[in-house]
Amino acid sequence: MLRESTQKAYLTGVTGIARYYRVSPEHLSDEQIRSYLHVLIEERNRSQSYINQVYSGLQFLFETTLKRDWSSWRIPRARKSKKLPVVLSEQEVAGYLGP
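Read in this note's numbering, the sequence shown has 30 at position 30, and its numbers run on one by one without any break.
You may find that some hints are simply not true.
Listed below are the simulated SDA-like cross-link pairs for lysine to any residue, each with C-alpha atoms no more than 20 Å apart in a straight line [what the hints assert, rightly or not]:
(1) 82 x 50
(2) 8 x 65
(3) 8 x 53
(4) 82 x 27
(5) 8 x 24
(6) 82 x 36
Don't read these hints as lab results, they were simulated from the structure. Small disclaimer: the values here were computed from a predicted structure and weren't measured.
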């Protein structure tokens, strides 16, 4: 059983795509799903976490609820971007250590 917060997040994602295309999510094509995820990333500047929630909600809908194939190789999950560590200059390090 999914936690209530997970259920709400999944429902929000699935509702969002249904409203965007004005069609039941069960009738969406792979291309429509890819396109919507692209819109969330590029136009709406949604966080990586949000994108993955939408993706997971759609995957749950197709696999668990509709008992249909969700081919993740056709719609790959977005990967989290890796952040590089902040590197301090010698002057900054000396400033932290004091005289």
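Hint by hint, here is what the structure shows:
1. 82 x 50: holds, 17 Å
2. 8 x 65: holds, 15 Å
3. 8 x 53: Within the cut-off at roughly 10 Å; holds.
4. 82 x 27: violated, 35 Å
5. 8 x 24: holds, 18 Å
6. 82 x 36: violated, 23 Å
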